[in-house]
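Peer 1: For the protein sequence lines, the chains are V and P, in the order given.
Residues in the first sequence are numbered consecutively from 1, following this note's numbering.
Residues in the second sequence are numbered consecutively from 1, following this note's numbering.
Hints may contain errors.
With a straight-line Cα cutoff of 27 Å, these simulated BS3-like cross-link-like pairs (lysine-lysine) come out [said to hold, decoys possible]: (1) V:K52 x P:K212; (2) P:K137 x P:K212; (3) V:K52 x P:K138; (4) V:K52 x P:K217; (5) V:K55 x P:K8; (6) P:K137 x V:K55; (7) P:K63 x P:K138; (8) P:K218 x P:K138; (9) P:K8 x P:K68; (10) P:K217 x V:K24; (11) P:K138 x P:K8; (12) P:K212 x P:K68; (13) P:K213 x P:K99; (14) P:K138 x V:K55; (15) P:K137 x V:K52; (16) P:K99 x V:K24; (17) V:K52 x P:K99; (18) P:K68 x P:K218; (19) V:K49 x P:K213; (20) V:K55 x P:K99; (21) P:K213 x V:K24; (22) V:K49 x P:K8; (23) V:K49 x P:K137; (24) V:K49 x P:K99; (25) P:K63 x P:K212.
Hint data in this document are derived by calculation from the structure and do not stem from the laboratory.
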Amino acid sequence: MKYFIINQVQQHSSQMPSAESTDKYLVVVAVIAVLFIGIVGYLVSLDLKLRKIEKQS
Amino acid sequence: MKSIQWWKLAGVVLVLFALIGGLLLPVPQLPILAQSIRNLYYHVPMWFGMLSLLIASSVYAVKVLMSKDLINDVYSESFARVALLYGTIGIVTGMIWAKNTWGAYWTNDPKLNSAAIGMLMYAAYFVLRGSIEDEEKKARISATYNLFCLPMFIVLIFVLPRLTASLHPGNGGNPGFNSYDLDSRLRMVFYPAVVGWILIGFWIANIQIRLKKIELKKEQEL
Numbered sequence: 001m002k003y004f005i006i007n008q009v010q011q012h013s014s015q016m017p018s019a020e021s022t023d024k025y026l027v028v029v030a031v032i033a034v035l036f037i038g039i040v041g042y043l044v045s046l047d048l049k050l051r052k053i054e055k056q057s
Numbered sequence: 001m002k003s004i005q006w007w008k009l010a011g012v013v014l015v016l017f018a019l020i021g022g023l024l025l026p027v028p029q030l031p032i033l034a035q036s037i038r039n040l041y042y043h044v045p046m047w048f049g050m051l052s053l054l055i056a057s058s059v060y061a062v063k064v065l066m067s068k069d070l071i072n073d074v075y076s077e078s079f080a081r082v083a084l085l086y087g088t089i090g091i092v093t094g095m096i097w098a099k100n101t102w103g104a105y106w107t108n109d110p111k112l113n114s115a116a117i118g119m120l121m122y123a124a125y126f127v128l129r130g131s132i133e134d135e136e137k138k139a140r141i142s143a144t145y146n147l148f149c150l151p152m153f154i155v156l157i158f159v160l161p162r163l164t165a166s167l168h169p170g171n172g173g174n175p176g177f178n179s180y181d182l183d184s185r186l187r188m189v190f191y192p193a194v195v196g197w198i199l200i201g202f203w204i205a206n207i208q209i210r211l212k213k214i215e216l217k218k219e220q221e222l
């Protein structure tokens with residue numbers, strides 16, 4: 001996977017050719033994905049709590 | 001996760017794909033824009049999402065005026081609230097893009113100024129709501145204002161920038177992105193991003209609406 005991404009980045013960008021910068025790039029992608037999953041987790045918990053209250057009342 | 005509806009899950013999957021694919025999948029090499037073209041997946045879907053939510057808000061504004069059921073006002077307000085959030089994210093992502101391609105966070109571009117005016121119009125909608133105490137009066141007056149806002153917003157965002165010189169693609173005689181993207185690489189991520197963010201927006205509004213419904217029910221019980 002990592003080599004695929006390095007290859008993609010090298011093919012399509014002249015600004016990020018090194019493996020080190022690709023690692024940093026992957027960290028950014030991972031952080032964004034984790035943040036979004038966190039927001040979704042919060043939305044899911046709110047949704048389920050509301051469902052529980054709706055059933056009770 | 002069993003009781004989460006399918007469209008909410010679809011929204012999550014599509015946005016997750018757009019977030020990750022938007023950064024990793026190849027993009028066409030365009031002059032000036034270079035890798036910043038990837039912001040197309042984050043900036044433009046916000047405006048699509050905002051417009052969808054504003055249309056939903058207006059539909060419920062019509063329902064407020066046609067019926068005496070105040071629950072329609074809850075729907076209308078919640079959709080407008082999430083739309084304003086999307087608009088704010090759209091402006092911030094646009095400012096970052098502008099700094100990278102045009103050299104400044106804010107330029108005297110008609111589309112930027114129109115977007116700011118449109119956002120202020122909807123901010124005024126919430127100020128108006130906050131200034132009226134009687135619930136029925138608040139619902140009817142704000143619904144009327146909401147119905148004036150939507151056509152004004154559409155004119156400001158889609159019509160006015162096309163009539164004058166603009167830096168934005170597809171406006172003021174500039175070619176749109178579709179003329180650059182001959183191999184549809186952008187579309188593969190862009191369309192899921194648009195649909196995904198719209199669904200997430202409706203989910204957030206849905207949570208707000210249900211919360212307010214419970215609050216109203218409790219108030220009526222007291």
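Peer 1: For every hint, state whether the structure bears it out.
Peer 2: Structure-based check of all given hints:
1. V:K52 x P:K212: Judged against 27 Å, a Cα distance of about 15 Å means the pair holds.
2. P:K137 x P:K212: Distance of about 18 Å is within 27 Å: holds.
3. V:K52 x P:K138: violated, 31 Å
4. V:K52 x P:K217: holds, 15 Å
5. V:K55 x P:K8: Satisfied, since the Cα-Cα distance of roughly 20 Å is no more than 27 Å.
6. P:K137 x V:K55: Roughly 32 Å between the alpha carbons, so the hint for K137 (chain P) and K55 (chain V) is violated.
7. P:K63 x P:K138: Measuring from Cα to Cα gives roughly 14 Å; hence the hint holds.
8. P:K218 x P:K138: Holds, at about 20 Å.
9. P:K8 x P:K68: violated, 30 Å
10. P:K217 x V:K24: violated, 50 Å
11. P:K138 x P:K8: violated, 31 Å
12. P:K212 x P:K68: Cα-Cα ~17 Å, so holds.
13. P:K213 x P:K99: violated, 43 Å
14. P:K138 x V:K55: The given pair, whose Cα atoms are some 30 Å apart, is violated under the 27 Å limit.
15. P:K137 x V:K52: This hinted pair is violated, its Cα atoms lying about 33 Å apart.
16. P:K99 x V:K24: The given pair, whose Cα atoms are some 22 Å apart, holds under the 27 Å limit.
17. V:K52 x P:K99: violated, 46 Å
18. P:K68 x P:K218: holds, 20 Å
19. V:K49 x P:K213: holds, 14 Å
20. V:K55 x P:K99: Violated, at about 50 Å.
21. P:K213 x V:K24: Roughly 45 Å between the alpha carbons, so the hint for K213 (chain P) and K24 (chain V) is violated.
22. V:K49 x P:K8: Distance of about 16 Å is within 27 Å: holds.
23. V:K49 x P:K137: This hinted pair is violated, its Cα atoms lying about 32 Å apart.
24. V:K49 x P:K99: violated, 42 Å
25. P:K63 x P:K212: holds, 18 Å
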